[in-house]
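Novice: Chains as they are written, first to last, in the numbering used here: chain A, 192 to 548; chain B, 192 to 548; chain C, 192 to 548; chain D, 192 to 548.
Derived by calculation from the structure, the hints in this document are not laboratory data.
Each hint should be verified, as a subset may be incorrect.
Where chains are identical, the list cannot tell them apart; a pair therefore holds if satisfied intra-copy or between any two copies.
Listed next, the in silico DSS-like pairs over lysine-lysine satisfying Cα-Cα at most 27 Å (straight line) [to be verified]: (1) K218 - K265; (2) K218 - K346; (3) K210 - K531; (4) K283 - K310; (5) K210 - K500; (6) K343 - K310.
There are 4 protein chains.
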Amino acid sequence: MIVVLRYGATDEEVQQVCKMLEEAGYKSAVWRGVERTVIGAIGVIDEELKTRLIEQIQSLPFVENAIRILKPYKLVSREWKQETTLISVRDKIIGGEHLIIMAGPCSVESREQILETAKGVAQHGADILRGGAFKPRTSPHTFQGLGYEGLKLLKEASEATGLPIITEVMDTRDVEIVSEYADILQIGTRNMQNFSLLREAGQSGKPVLLKRGMSSTIEEWLQAAEYICIEGNPNVILCERGIRTFETYTRNTLDISAIVAAKQLSHLPVVADPSHGTGRRDMVIPMALAAIAAGADGLILEVHPNPAKALSDGAQSLTIQQFGELMQRLEPIAAAVNRKLYNLPSKFELLTAAERH
Amino acid sequence: MIVVLRYGATDEEVQQVCKMLEEAGYKSAVWRGVERTVIGAIGVIDEELKTRLIEQIQSLPFVENAIRILKPYKLVSREWKQETTLISVRDKIIGGEHLIIMAGPCSVESREQILETAKGVAQHGADILRGGAFKPRTSPHTFQGLGYEGLKLLKEASEATGLPIITEVMDTRDVEIVSEYADILQIGTRNMQNFSLLREAGQSGKPVLLKRGMSSTIEEWLQAAEYICIEGNPNVILCERGIRTFETYTRNTLDISAIVAAKQLSHLPVVADPSHGTGRRDMVIPMALAAIAAGADGLILEVHPNPAKALSDGAQSLTIQQFGELMQRLEPIAAAVNRKLYNLPSKFELLTAAERH
Amino acid sequence: MIVVLRYGATDEEVQQVCKMLEEAGYKSAVWRGVERTVIGAIGVIDEELKTRLIEQIQSLPFVENAIRILKPYKLVSREWKQETTLISVRDKIIGGEHLIIMAGPCSVESREQILETAKGVAQHGADILRGGAFKPRTSPHTFQGLGYEGLKLLKEASEATGLPIITEVMDTRDVEIVSEYADILQIGTRNMQNFSLLREAGQSGKPVLLKRGMSSTIEEWLQAAEYICIEGNPNVILCERGIRTFETYTRNTLDISAIVAAKQLSHLPVVADPSHGTGRRDMVIPMALAAIAAGADGLILEVHPNPAKALSDGAQSLTIQQFGELMQRLEPIAAAVNRKLYNLPSKFELLTAAERH
Amino acid sequence: MIVVLRYGATDEEVQQVCKMLEEAGYKSAVWRGVERTVIGAIGVIDEELKTRLIEQIQSLPFVENAIRILKPYKLVSREWKQETTLISVRDKIIGGEHLIIMAGPCSVESREQILETAKGVAQHGADILRGGAFKPRTSPHTFQGLGYEGLKLLKEASEATGLPIITEVMDTRDVEIVSEYADILQIGTRNMQNFSLLREAGQSGKPVLLKRGMSSTIEEWLQAAEYICIEGNPNVILCERGIRTFETYTRNTLDISAIVAAKQLSHLPVVADPSHGTGRRDMVIPMALAAIAAGADGLILEVHPNPAKALSDGAQSLTIQQFGELMQRLEPIAAAVNRKLYNLPSKFELLTAAERH
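Same shape as in the complex, but just chain A (with noise of 0.2 Å):
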């Protein structure tokens, strides 16, 4: 930590913030610069008493900053752990060589729905079927999901095709249930700060995908998966699914570059969510080529067989049609940067950009 006083600091206040370092076990050290004078609190002490003194320092009305040093996250820093984690479900592996294809609807809507979905996007390669049970809604007069029920059918889908389950929980007392059901626990980016359902998701030893905030920093997102990891929980998946700028041309803003930084930051693998990040169905594809162009470990894709009638999310669905495109269209990007695809992607006959508008 540095401590930046304010122009005219008295030797007293200088006294001040040392005894505070001090006695929180640092040692100090004063430079008196010609306008300022800034201390250095040298040492290692408890991280939240750090923090706490961070803030008291700050406080102090002849403070002008106290600036962190060392990252305020520890347990997902590649700092820490220079090896990128690898979580097994079941027999794939996120993080490694191949790229992870998870892909479904948005929400699950009915047996027959979720069960067309899962079958085309096992036929094209996907890895992972999703689909939402419980579904965070900005308003209330809109379908909220299926619930238990839906966590039935997607449970009938998996065992129809193979394919492991992702799922989000949006309620620390829904935890267990999901748990049940689910291969991974999908947290929102409405709840990346709901601290609660972080500890809870940590506790149920599940993987977990972890989407950042539409509103949250970088640092903010690692700190939510800190949380996670705090609980004996070390198979967090983040995901960049695009956060909210003045543009409205696009639903999001994918921040491409959160991938790259992620990566450096963190040894945690990373997807990108090109559905969300964009809201339009005509952006997904060059968005998903982007992302693992950029290094991203997998893509999370919203699917579903007839968008015109989807309950939630139609205008950045993809059809399995366009699904399949996609993964065919892949395939070189993930070559070109050295990754492979677990399932080789049907191969069927592309149409042309005239025909698909």
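Based on these hints, arrange chains B, C and D on the given structure of chain A.
Specialist: Chains B, C and D only, in chain A's frame:
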């Protein structure tokens, strides 16, 4: 709803949209312009069906946009209910002629701290005591609040001063116990779209102060309030607490225009939180005055007897003396906008600017 | 400057940084912490050299960060000059006890329009007449202002009312001619970092109102002001006019906390533009009151005799009657913060809220 | 245009809007819904008149919204011209099958520096030499570029390598002289809405690379391009260079989805600037790959022979060796999206990740 088709849409495509509208219960009207065809939906249909229909129509590849004409909320809308909602908390009314001032520490830290603060703010004219027992903290390596013990200490401070209590609830499982202690439940900015929690708070029957999500639009904020009201609880207080922008000098950007907008769009009372809104003690007073001048119905403020010892948020906490100063400076502003304080602040000599620094 | 090295930096790397600092004229001091080595630069060097050095050190692969301790501006800083700058425009002073109210149409449209507006705002207490002759418009397919003809009409309106003129200059080539007509040059938000224009305006010797860039930080705004001052022109008026955020209900988000911050950080006077800040006529009055309550030194407002005929910005223009209402409501707010109006607004019966809509 | 009236609008108010529409040359059609009346404008009128009319109608107190149906730009729109614009610069074509790689230093600093860089990037496959002679710098206390001397050095480097030149112009008064030296004029992010400069660049007849304003929407960016085209200059290259968001880890947030959107909405070629887009050398390569995977027509990159000696932007400049690495890694990505490089990059042994740090 207005549907704009892409350039070159065919008659069949126009018919397909009309059919979807009519099956949902609308009449449709088609305008064929030179470069675009526009279809209007006339009539009133169920809100859930309408939201779904908009998404489905937007998912059609030949549709450029489906534009909602009516607001996506109703119960909280001033169009639906013109008179401002008045919320009674013991003998005070929120939303009426009198401003409501809520003050207290970020966190309840100890019996001594909460009692001293409660007495201090009561003496200077506060109406309601705030204090956190359950704390949402960005990092797991920080003080997380005293929990149930904190609730008991709040109760004791309330009894010693006669001030009602507002405190945050973060977990659906805690709503019942917090409701036993609190006069007002607070939903924090990170939980504004924790829909399970909103529903549970709605069912508690207690007044709920709903902080705006730090990256939520005004429309999303009102829809979150709608989640509480739809459970039969009309007593929602909106709280603007700053949004996340590119500016980093302040912790957040207090969006005072959102106070004006929320008062226009909704009948709910609106208060401001200049402590979190700025994150800087030396900006709290002028921003509090600005919020009241713009029409806020009250304030929620962080006050600590000794910010340099605070376990959280010291840098933005007023001292008790500064809170007294704020109340004195608030009085003429309140009068200038035809509002009153319940408690005449005790008069004392204000420090000069030079003494304050 | 504080330099933080990456984990594992070698002695040679530490020495390389020390050498760079010392060659630039600093003394260096090294702190070896457990996980990071930190190097401090002590001394005073030329500002240009310092800025370059920070960038160069940051470009070293073994450097994590180079942190500037002192602000990157000086001439505009309150640390450098404590008393607020007072700017005289004819017989009025900007930055003193009296608030300055600038009002007039977005664009000068015709002789009749500017004369009617000028007389109207003068009658209701305005101090300065605003009006655009050169207009920065997002689309080329819009009214671009009357140009030189507009300047002449402004002059005529000024002579008819005695009000000084503020008007925008957009092109370095126009600074000379605009300076002949205007009492204050206005630099618009889109030109805040048009550095050639800033320098030219600095050389004009005229007072300059510098609008904050719609996505500029407070620090960048003050550096832009520094460009003007460095040309020997100390008469800069800062103007907060709203920033771009994710919220779309308002045209911009008027950042009232930036007014407070700019007054703390700089000795320059600061005014607010609630017309552009909100883009909505029905929000202008409350936001104007809020800005003054927060400490602004004045306002700049769009007023049009008939907004529904305006060639630009009608939706955010007050009518002359509404401007009169604003002035009446402003007076008690000004008094509450110990400020005065130069001109007592003419008293008339305010409309009730019901009549206004 | 669609006009939505406020709840309770009277017949007279409906008629007033219809009259305004009809006087402007539209036919009007009225839909009376249960809660809102909506009026549609049918026909084609002059764009300037239309823009004015929308603003005027929006300024009526009984109007809730006036919604534009058609895009506010035309010349740059793909709807208006379907085939992608191809721009010839000497023997290269921008926007075709081949990617265009522009590389060079942020600033021209010396004869030696620009010659060394030009030769280095030419050897590794660059198509165009970039380099700044006039530099827009946030602070006046920084290196402002070599000016005319810089233009001459660029010319010399161009002649030595055969590479065409792109360089920034910041002042209307410099467009003529810069046009004598440059093959492509660059308009920087801070000048995207310097409309005088856009017009002047349009009149120069030179190809213009238009950087997106750091807080400009895609729609504003295309309208800025329209300013250039309307002067009779169709050769505009759009450049996405990162937008300003709340995230501070990167200097800007490179909005790769804007590349996709701009290619869909406009027929102009689009390139990416991952140097400014990230501000961090270690992120430039993956983001460059991502931009090409998403469909960009080329890249503009900062390269410096010795970033730790750079007079500006060292932290985001690639070394010449790193530029070579980028070109090698780019080739398979280009192939994966059916694009080619003009120059096969020279092959050399890439450093391992460990050696790079």
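Novice: Next step is simple, just say for each hint if it's right about the structure.
Specialist: A quick look at each hint next to the structure:
no.	hint	verdict
1	K218 - K265	within (22 Å within a copy, 33 Å between copies)
2	K218 - K346	neither (57 Å within a copy, 41 Å between copies)
3	K210 - K531	neither (57 Å within a copy, 45 Å between copies)
4	K283 - K310	within (18 Å within a copy, 47 Å between copies)
5	K210 - K500	between (67 Å within a copy, 13 Å between copies)
6	K343 - K310	within (16 Å within a copy, 55 Å between copies)
The structure is inconsistent with the numbered hints 2, 3, although it conforms to all the rest.
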